[in-house]
Amino acid sequence: MTPLLELQDLGVTYRTAGGEVEAVRGVDLALEPGETVGIAGESGSGKSTVVASVLRLLPKSAKVTGRVLLDGEDVGAMRWGRLRAARWSEASVVFQGAMHALNPVRRVGKQIAEPLRLHTGASAAEAEARVHELLAQVDLSAAKAKAYPHELSGGQKQRVMIAMALACAPQLVIADEPTTALDVIVQAQVLDLLGRLVEERGIGLVFITHDLSVLAATCSRIAVMYQGLIVETGNAKEVITAPRHEHTKALAAAFPEVGDPVSRYAPATAEPLPEEGERDPQSPVLLSARELRVHFRDRAGSAVAAVGGVDLDVRRDEIVALVGQSGSGKTTLARTLLGLQKPTAGGVYYDGGPVPTSASGLRDYRRRVQLVLQDPNSALNPRHTVYESVAEGPRIHGLDADEPGTVVAALEAAELRPAEQYLTRLPHELSGGQRQRVVIAGALALNPSVLVADEPVASLDASVRGEILGLLLRLRRQLGLAGLVITHDLGLAWNIADRVAVMYRGELVEVGPVEQVLLEPRHDYTRALLAAMPSPEPDDVWPAG
Amino acid sequence: MSAPVWARRRAAAVQAWREFRTNTGGLLGAAFIALLVVFSLLAPLLIDQDGLNVVTATGSPLEPPSGAYWLGTDESGRSVLLLTLWGARVSLLVGFAATLLSVVVGTLVGVVSAHFGGWISAVLMRITDFFLVLPALVLAAVLMAVLPKSMWTVIMAIGVTSWPTTARLVRAQTLSVESRPYIERSKALGGGHTHIIGKHVLPSVLPLVFANTTLVVGGSIIAESTLAFLGMSGPEISWGSMLDRANQSGAVTAGAWWYLLPPGVAIVLVVLSFTLVGRALETVLNPRLKGDR
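Just so you know, the protein sequences line up as chains W and Y, in that order. Taking UniProt numbering, the leading residue of the first sequence gets 1, the next gets one more, and so forth. Taking UniProt numbering, the leading residue of the second sequence gets 1, the next gets one more, and so forth.
Don't read these hints as lab results, they were simulated from the structure. Predicted model only: the values in this text are computed from it and were never measured. Wrong hints could be hidden among the right ones.
To be verified - Simulated crosslink set (DMTMM-like; lysine to aspartate or glutamate; CA at most 25 Å straight-line):
1. Lys60/W to Glu35/W
2. Lys63/W to Glu35/W
3. Lys199/Y to Asp375/W
4. Lys237/W to Asp461/W
5. Lys146/W to Glu133/W
6. Lys199/Y to Glu73/W
7. Lys149/Y to Glu63/Y
8. Lys342/W to Asp375/W
9. Lys60/W to Glu32/W
10. Lys199/Y to Glu133/W
11. Lys199/Y to Glu420/W
12. Lys342/W to Glu184/Y
13. Lys199/Y to Glu22/W
14. Lys342/W to Glu178/Y
15. Lys199/Y to Asp524/W
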């Protein structure tokens, strides 16, 4: 039987101004119908290039060697017309970033119908019927065909993308990071849907992601890519439970299993963590919210409670993880705690007193409570050097005593060593992890007592993730720095946090020590979050939706 | 500390110049403008100003071009060549001064309105809209009629009517810069309005303003010529006032093309140069206008 997709010694080289870059080197891979193969790897490992080469979607600057066989036919040798026919009707792609892959000014029904009209020449009525059928397959009501992309949630948009990929009934579907931008509960739904489609229709699925735990839950075989090479391939369960290659080990460790004592207070970091010192269980409360409410007005003018009555304490020498789905009000709560958003009612207290509202009072307060943003790529001014970015805080506060010394010390504390080497660099010359360290150094330069981190590792690669989490934990142990870490990732809380606060629709539904909340959840929503985490248990490959 | 910053700025300027150089039109325009500016500054040393005085002029009225007067003479017997060269001074001065006024006001209004938002933005933008819909020439004419007739009134009139486009442009760019997360980070660090505007907003807005400025200069020179042609100018010799006098002294019916063409061609060349330079700068400084890379 011919495999559905076969890559034979595939190599892709990009010509760039800086010379030739080998993105993919000697990749061999085969996929049978009804099988799911996962490709794991970090950004830059070449996994998206592999996808693009299957449908010959690579830019002109790419040179392809080796062969891509689609149902036994060489894609590289296809004439243009044949290739067009093969695209979408034989193999289709669920692109990453459903937010941007849909045309914002066209109704989604029309967008799903587009490949139908192009490939099958279906009439408008036939196409419409087929669109409704496809929407039903991805659990969306037919009425959604009339919606514009912005009227759908992230998960719904992702399902529209899947419906689009299925439009011409292809034998092969390639899903490129289909769940990366989604939160856990929606991710579980999308994974479940893809699994059902493979089972019911016998299509072949290539699943690409950086998150090994997602692959564990969906794939029978996994190939791990690193620097353009497949470094490890094999049965999904074996690869995850007994990784052989160093890089696979790093990827596997980056997504800890909640409840695994090995990864408790032990993020995957190369540097040793300092010993836990003497901790005072009743250390003073630094930052607290009392009955905090924040309301926004929606377009109709009615009030929407983003934060509805939250009580939260952050003590000295403690990391609190604030977990919840996107849209649960986590970020609004953080912004309000920092004084970037005015509360509608209730108050924020620092060190016993209310947070001032005057401009100068707020400025002093912000020396004490600092923010680390989600995306380090945009959190630094691209025109400012590392030195300027880190020195920005001290300059605002007029702390001009030994500015270079402060900056170097902050960079050292954020583990950018030797600090001198980084001072004159610009953000685009740094990697994602290094940029996040610069952001953290900028906060540390003010010698704060609380660090509020909004999804500090969500946009970082798996191997960097452990390092940044390790840094946060080290900072707490060495400096007693309190942390409020906002995340959708329960594994992160298990890795570094002391207490967890679970937020759901603007309210804290469960607050308590990590072990208690994550191992013996009391609230239904916490249970739902835990259940939605992809589980590597082999018997439970497709959790019942 | 500031050494690497300056080194980087210098490198950026060198890079911008390298890209600018590849644009032939922009380069030609820049060369022409540079030549004209240098000449205008040195003109009082090079030109015998007696030749510009009606009383001391030596030629006879409306002489056609000859060896003595390369571009002929005007109705008072002055050399048209000298008048045209001298007129560049006023045209350039009015162009630059009016542009400076309009860019300063426009940038201020644009940045303030985008940064503070709310009612401040609403008020400022309504004022901007008001000036945007006013027929610029009519407003300038009214100002000229009310205020004393001088070059500075012309500058005022042009400046007041041309700032709204700059304000709109700057506002849009400021809004886009202010939505970036590094502004939020700066606020969380404790940065106030001056800090955010001075450190983050202006450095990324000014290059665009600069490119826009060169385009505004061309527009201002045209506006000055138009006003002068309509008889609204100070007593100084400018290209517009030359055209006005040529028109009034019957040069057209006399067929004295040498009196009409030089100032007209001069206006076209200067405005064309500024437009070429402005477009070239825009492509260099505004990454969005660059082609596929």
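Now the hints, each set against the structure:
1. Restraint check for Lys60/W and Glu35/W: not satisfied, since their Cα atoms lie roughly 32 Å apart, outside the 25 Å limit.
2. Note on Lys63/W and Glu35/W: the hinted pairing is violated, with a Cα-Cα distance of about 29 Å set against a maximum of 25 Å.
3. The hinted pair formed by Lys199/Y and Asp375/W meets the criterion: a straight-line CA distance of about 21 Å does not exceed 25 Å.
4. Taking the CA atoms of Lys237/W and Asp461/W, the gap is about 22 Å. The hint holds against a cut of 25 Å.
5. The suggested pairing of Lys146/W with Glu133/W holds, with an alpha-carbon distance near 14 Å, which does not exceed 25 Å.
6. For the given pair, Lys199/Y sits about 58 Å from Glu73/W by alpha-carbon distance, which is inconsistent with the 25 Å threshold.
7. Annotation: proposed proximity of Lys149/Y to Glu63/Y is violated, straight-line Cα distance about 31 Å (limit 25 Å).
8. Distance check on the hinted pair: Lys342/W and Asp375/W sit about 23 Å apart at the alpha-carbon level, within 25 Å; holds.
9. Using a Cα cut-off of 25 Å, the hinted pair Lys60/W and Glu32/W is violated, with the two alpha carbons roughly 30 Å apart.
10. Annotation: proposed proximity of Lys199/Y to Glu133/W is violated, straight-line Cα distance about 55 Å (limit 25 Å).
11. Our distance criterion of 25 Å between C-alpha atoms is met by Lys199/Y and Glu420/W, whose separation comes to about 23 Å.
12. Taking the CA atoms of Lys342/W and Glu184/Y, the gap is near 15 Å; set against the 25 Å cutoff, the hint holds.
13. In summary, the hint linking Lys199/Y to Glu22/W is not supported, as the alpha carbons are separated by about 40 Å, beyond the 25 Å threshold.
14. This hinted pair checks out: Lys342/W and Glu178/Y have alpha carbons roughly 19 Å apart, not beyond 25 Å.
15. With a C-alpha separation of about 48 Å, the suggested pairing of Lys199/Y with Asp524/W is violated against the 25 Å cut-off.
Violation of the numbered hints given earlier is confined to hints 1, 2, 6, 7, 9, 10, 13, 15; the remaining hints are satisfied by the structure.
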